[in-house]
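S.K.: Which chain is which? The protein sequence lines are A and B, in order.
Just so we're aligned, residue 1 is where the first sequence starts under our numbering, counting upward by one.
Just so we're aligned, residue 366 is where the second sequence starts under our numbering, counting upward by one.
Calculated from the structure, these hints are not laboratory results.
It should be emphasised that the depicted structure is a prediction, and the values quoted were computed from it without experimental measurement.
Glycine included, each C-beta is placed from N, C-alpha and C at the ideal position.
Worth double-checking, as some hints may not be accurate.
Unchecked claim - So the derived label-pair ranges between C-beta atoms look like this:
(1) Thr-82(A) with Asp-404(B): 26 to 36 Å
(2) Val-580(B) with Thr-82(A): 33 to 43 Å
(3) Gln-161(A) with Gln-582(B): 33 to 43 Å
(4) Ala-87(A) with Ala-651(B): 17 to 27 Å
(5) Asp-404(B) with Val-128(A): 42 to 52 Å
Protein chains: 2
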Amino acid sequence: MNKQRVKKLQKTLQRRKLDAVLITEPHNRRYLSGYTAADHGIQETAGVLLIPKKGRPWLLTDSRFALQAEEEAQGFAVELYTKGIYALLKKLLPALNVRRLGFESHYFLHSSSAKLEDMAEKVKVELVPLLDLVERMRAIKTEEEIQLIKESVLLNEQVFQAVYKTLAPGMTEIEIALALEQSMQTMGAEGPSFETIVAFGSNAAKPHAVPTNRVLQDGEIVLIDMGLVLQGYCSDMTRTFVIGKAKKKFKQRLRIVRKAQLAGIKAIRAGAVCREVDKAARKVIADAGYGDFFGHSLGHGVGLAVHEAPGLGSRNRKKLQAGMIVTIEPGIYLPDWGGIRLENMAVVREDGCEVLNEDSTGLEL
Amino acid sequence: MNKQRVKKLQKTLQRRKLDAVLITEPHNRRYLSGYTAADHGIQETAGVLLIPKKGRPWLLTDSRFALQAEEEAQGFAVELYTKGIYALLKKLLPALNVRRLGFESHYFLHSSSAKLEDMAEKVKVELVPLLDLVERMRAIKTEEEIQLIKESVLLNEQVFQAVYKTLAPGMTEIEIALALEQSMQTMGAEGPSFETIVAFGSNAAKPHAVPTNRVLQDGEIVLIDMGLVLQGYCSDMTRTFVIGKAKKKFKQRLRIVRKAQLAGIKAIRAGAVCREVDKAARKVIADAGYGDFFGHSLGHGVGLAVHEAPGLGSRNRKKLQAGMIVTIEPGIYLPDWGGIRLENMAVVREDGCEVLNEDSTGLEL
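With the rest of the complex left out, here is chain A (with noise of 0.2 Å):
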């Protein structure tokens, strides 16, 4: 349990007026109470975090998750539900007089709510869906969630690295791709954040290019885009370079790319906000002539989640906050020639920002 989060966010339930708040989301519940169990999907919960207004918070979970549940929740009453959580709720909301119920509605199905709502008008409670109330929390990371994920970055960089150095002509995206997952795991990792990216030639125009037994040629374009969880926290990184000759238009465009994942860098700062950010990177690439080959935005926020608050798209008009660590990641994508993406992250200080990144493969201009 980390006590002051789980404090804060018991004065926020009691500034919105809510008596309590169920967490559903994996990562919030493990934030809240270093309870580290896997959900199967989201229909397959390992357990549900009931956080009164004040007092101990509950973990509800089922005898399977009993022992991991007590040595890893410190702090937490845990509560097991035989009857399904719905049957527990309806006990435990009137003895902890609970009048006013929070629910991650971002985090919670349609087919469960429709039991949840059924089970709060038997004992008159009324349901708050809530978006976001702690995934704001996560977003602003303290000094040592910025050393975790700057560790994360760093066994990334040097899983990259050792792979890196025995890439050749002749081997496969698919043998590329296990090589990596594989040294993750060896060098100390929990497992890759997302599964790893590696496309040649013209697989890398697709950005979420699964890999394939395409085999390596001389002088064709590699990008890889790869991650990993170490102590929780996730690392993001994309490179994008070739094994051997590289054409004239490769190093054209790779530096055009950039120009403009540094100029995003360089729009990175406290109080900027998120949209400015992505158009600062994306004005680049327009103006070299391939604005309609960048088609995803430049960047997301990354830490327990590899996908997390705040996002760096067209659409964000929020401010940036020191304590945010994002990904800056532009492309230019021709679905018959092949892509180019960099991606690197960052920590958003007061003034400016700080890049977690060392590695510089690829980012010569």
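Using the hints, position chain B against chain A.
M.R.: Below, chain B alone, put in the same frame as chain A:
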């Protein structure tokens, strides 16, 4: 695209007077379209199917997935959204003359359903929450699917045996879990179907144990629960054994669990009630005096998802049907001592069932 599956679904839509259905659940999406992209959690979809009651089905996605969608979802009209999915649906639904639209209530967030309702109201579309429409189709496997699942089961056993041979006192749980997951990948699997469980001694008392740095002692219990994905289809197997000389108590309890498993297997046939199958196995464990130490249900369906319908639990009154594939995994868990679980998979046949496993580790009576 699987034409037969889409046609079958369209017939169901006609019967239920639905003009179209939105498919958001990723396994259902893959089952119907062949599109294999992975979601980054339920909050970040790689695309949604819109299946009208007749005619060409649609795959709605964003530019990141455009090429993969076109390649994989043969027969589907691929349409990209740039301003979000609801803006696109607002145009598409009236054009397709949709008046009644089904959606997957069990894979639709409460927060998204609010947006869906907004949009539906504007274009005068009636929304119908659906449960398990495609899951009911998926629960019954074709012989072709059974063959794919058998290949997944057999590869999983080969991986188990490759690592089992190397086990020795001094190894850690994490080390063995890593070796298993790496072997899965090098031996051709797409990846593990869930986080591999390796638990020694008292750690085995947690049904969902997470591997730790605990060091294996001579004569200690080893519980391994592992599965992989091959050609999209999952396997799931548990073995419990001892490296070195097993204690009498262990052998005795292992025999009870195996007898319970055999009783469960014997109870499986088309027409058998799911809870009765659970009961048949549970009775063996209860009769031996361990009824309070088998807290989870006997098994679950396996297919494109590692946990799917049908559930073999004490609350499921539905009947098994030929072609269903289930796990049979009784266990005994004693907090201070450890745990034993044995898990095989079987396909339900008219007159009994066919166990898909060939591995016999720990299964001798």
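S.K.: Each hint needs a verdict: does it hold in this structure or not?
M.R.: Evaluated hints:
1. One distance hint, 26 to 36 Å for the beta-carbon pair Thr-82(A) and Asp-404(B), holds here, with the actual separation near 31 Å.
2. Range check, Val-580(B) to Thr-82(A): about 35 Å between beta-carbon atoms, so the 33 to 43 Å window is met.
3. Between Gln-161(A) and Gln-582(B) the C-beta distance comes to about 38 Å, which sits within the given range of 33 to 43 Å.
4. At about 23 Å, the beta-carbon gap between Ala-87(A) and Ala-651(B) stays in the expected band of 17 to 27 Å.
5. Distance hint check for Asp-404(B) and Val-128(A): the Cβ-Cβ separation is about 27 Å, which falls outside the suggested range of 42 to 52 Å.
This entry does not satisfy hint 5, going by the numbered hints stated previously; all others are met.
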